[in-house]
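> Letter by letter, the chains look like this.
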Amino acid sequence: MLYIKCPHCGMRSQNEFSYGGDATIKRPELGKEISDQDWDNFVYNRKSLRGKHWELWQHISGCRQWIKVERDTATHEIFKTLKANEKISL
Amino acid sequence: MQKYSVFSLIKNALSNHENWDLAWKDPTPKKEYDVVIIGGGGHGLATAYYLAKEHNITNVAIIEKGWIGGGNVGRNTTIIRSNYMHDDNALFSEFGMDLWRRMSQDLNYNVMFSPRGIINLAHSDAQMNTYARRGNSMRLNGIDAVLLNREEVKEIIPMADFSENVRFPIFGGLMQPSAGTARHDAVAWGYARQADDMGVDIIQNCEVIGFDVSAGKINGVRTSRGDIKAKKIGLCVAGSTNILAEKLNMTLPVETHLLQACVSEPVKPVLDKVVTFGAGHFYISQSDKGEMVMGGDLDGYNSYAQRGNLPTLQHVLTEGIAMMPFLSKLKMLRTWGGIMDMSMDGSPIIDKTHIEGLYLNCGWCYGGFKATPASGWTFAHTIAQDRVHELNSGYSLNRFNTGHLLDEKGLGTKTWIS
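Protein sequence lines correspond, in order, to chains A and Z.
Using our numbering, read the first sequence as starting at 1 and increasing by one per residue.
Using our numbering, read the second sequence as starting at 1 and increasing by one per residue.
Keep in mind that the hints were calculated from the coordinates and are not lab data.
Note that the coordinates shown come from a computational prediction; the quantities given were computed from them, not determined experimentally.
Mixed in with the good hints there might be a few duds.
As the list claims (entries may be wrong) - If we take Cβ atoms under 8 Å as the criterion, some of the chain Z residues that face chain A in the derived model are: (1) W67; (2) F162; (3) N242; (4) L252; (5) G300; (6) S303; (7) P311; (8) F400; (9) N401; (10) L411; (11) T413.
Stated by the list, open to error - A few chain A residues that don't get close to chain Z, going by computed Cβ distances all over 10 Å: (12) Q14; (13) L30; (14) K47; (15) S48; (16) E55; (17) I60; (18) E70; (19) A74; (20) K83.
What the hints assert, rightly or not - Only pairs whose alpha carbons sit at most 30 Å apart, straight line, appear in this in silico DSS-like list of lysine-lysine: (21) Z:K268 / Z:K65; (22) Z:K232 / Z:K247; (23) Z:K329 / Z:K268; (24) A:K87 / A:K5; (25) Z:K414 / A:K83; (26) Z:K414 / A:K32; (27) A:K47 / Z:K232; (28) A:K47 / Z:K414; (29) Z:K25 / A:K47; (30) A:K32 / A:K47; (31) Z:K289 / A:K47; (32) Z:K217 / A:K47; (33) Z:K268 / A:K47; (34) Z:K329 / Z:K231; (35) A:K26 / A:K80; (36) A:K52 / Z:K414; (37) Z:K25 / Z:K232; (38) Z:K268 / Z:K247; (39) A:K26 / Z:K30; (40) A:K52 / Z:K65.
Idealized CB from N, CA, C, for every residue including glycine.
All chains, full assembly: derive it from the sequences and hints.
The following block contains the structure:
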């Protein structure tokens, strides 16, 4: 069982959250000419790192806010959580 | 090589089984090979075997970080099927079914292929319609499919919950009678033994540290046991694909996730089919030892842990008990996890890459084991001929760029919920 510290509600069990994938993926800017490759990188291509990984979770059975979580994909250790609008410092 | 037969068994029994040959050698890596396969799982071993057998390329090394049979080939739920709707998946898998049927003779190794049939249960009229459509597509591709109504399903698997007052009543199911199971370790061992006999070097405990790429060409691989040169390298590393892709500066439409499986204590024969729950994600069969072999959903977040988390296991088994209530009486014997290379459309990739001489085999999602022979066969062809075979032409890497996705289940790019 993971325990995730929601920045709004505090420490809660994994059962209250739903996963949202890689948090470092950025949607290409609207109205800007982009290549197919840029679009592929946004929609499909993922680094899926072993080790520290910034990812999105939604506190679906709590405050329903999206949050960012830095978690180790090999040990499941959670290092840091941020509100959705806070910047990740890599 | 010593041939396995009833006579060799008797002969060796007389000497207390002390004189069996080693199934494969433990060679020191050479400086150079014609082909290096990275990953000594089922697919890598099968690839090496078919390179030697079909293409006469025997100067081949398989590099494995761990040991043969220690990865997903020894961690799966052993289900073999070809009940796909899309042509690319159906024809590829059915080609594999043919290889499965001949495998024990072909490898001189009893892989205990047991074509006992698979039933996908339906729990609504809409699902019955979908299954009818899938079944028809299968039959058009020459795959056996039988649509069963509720009574027919009850005849075959009476231990399922057929009471009226349940959340997901059984409306019927789609059966592929020729599907089944096989002994997964034997598949790895059989391929390893034959490949080794034809001259392939199986190098275990050998980790890939980096690649030697220059001017868009692959020249070799750097490993924990020294540099190895090769003009052709095949990547066949399932859940570790992203780790090696990073070393090659490639980003792939693949994510690594954890899938759990479990077995119950052994019980007397009760279930002679593979059965899947249609209202969730749960599948079950009974092993020859009597254990109920079960699996279901991914853990739901990127993971390289090779061990699972209890909430998912509980969720999966809840589905199992909803389908077959007697399971609640059984004790759990063992649970384990393996890391899956989940592709963005749920279908695999067997293709060349933008680096000359580098070939990619990944994205097997939940279905890697059953694909072992067909994957090895087509990957060997792709490597040997430097072009894809018709059978794996749909499994191209650039389909994500061109939009020719092979989305059998019509799911999106959220690999952890597919």
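> Look at each hint and say if it fits the structure.
Results for each hint:
| no. | hint | in the structure |
| --- | --- | --- |
| 1 | W67 | violated (20 Å) |
| 2 | F162 | violated (31 Å) |
| 3 | N242 | holds (4 Å) |
| 4 | L252 | holds (6 Å) |
| 5 | G300 | holds (5 Å) |
| 6 | S303 | holds (6 Å) |
| 7 | P311 | holds (6 Å) |
| 8 | F400 | holds (5 Å) |
| 9 | N401 | holds (6 Å) |
| 10 | L411 | violated (13 Å) |
| 11 | T413 | holds (6 Å) |
| 12 | Q14 | violated (6 Å) |
| 13 | L30 | holds (20 Å) |
| 14 | K47 | violated (6 Å) |
| 15 | S48 | violated (4 Å) |
| 16 | E55 | violated (7 Å) |
| 17 | I60 | holds (12 Å) |
| 18 | E70 | holds (12 Å) |
| 19 | A74 | violated (5 Å) |
| 20 | K83 | holds (19 Å) |
| 21 | Z:K268 / Z:K65 | violated (38 Å) |
| 22 | Z:K232 / Z:K247 | holds (17 Å) |
| 23 | Z:K329 / Z:K268 | holds (14 Å) |
| 24 | A:K87 / A:K5 | holds (17 Å) |
| 25 | Z:K414 / A:K83 | holds (22 Å) |
| 26 | Z:K414 / A:K32 | holds (25 Å) |
| 27 | A:K47 / Z:K232 | holds (24 Å) |
| 28 | A:K47 / Z:K414 | holds (14 Å) |
| 29 | Z:K25 / A:K47 | violated (36 Å) |
| 30 | A:K32 / A:K47 | holds (24 Å) |
| 31 | Z:K289 / A:K47 | violated (40 Å) |
| 32 | Z:K217 / A:K47 | holds (22 Å) |
| 33 | Z:K268 / A:K47 | violated (46 Å) |
| 34 | Z:K329 / Z:K231 | violated (56 Å) |
| 35 | A:K26 / A:K80 | holds (20 Å) |
| 36 | A:K52 / Z:K414 | holds (20 Å) |
| 37 | Z:K25 / Z:K232 | holds (23 Å) |
| 38 | Z:K268 / Z:K247 | violated (49 Å) |
| 39 | A:K26 / Z:K30 | violated (45 Å) |
| 40 | A:K52 / Z:K65 | holds (22 Å) |
Of the numbered hints listed earlier, those contradicted by the structure are 1, 2, 10, 12, 14, 15, 16, 19, 21, 29, 31, 33, 34, 38, 39.
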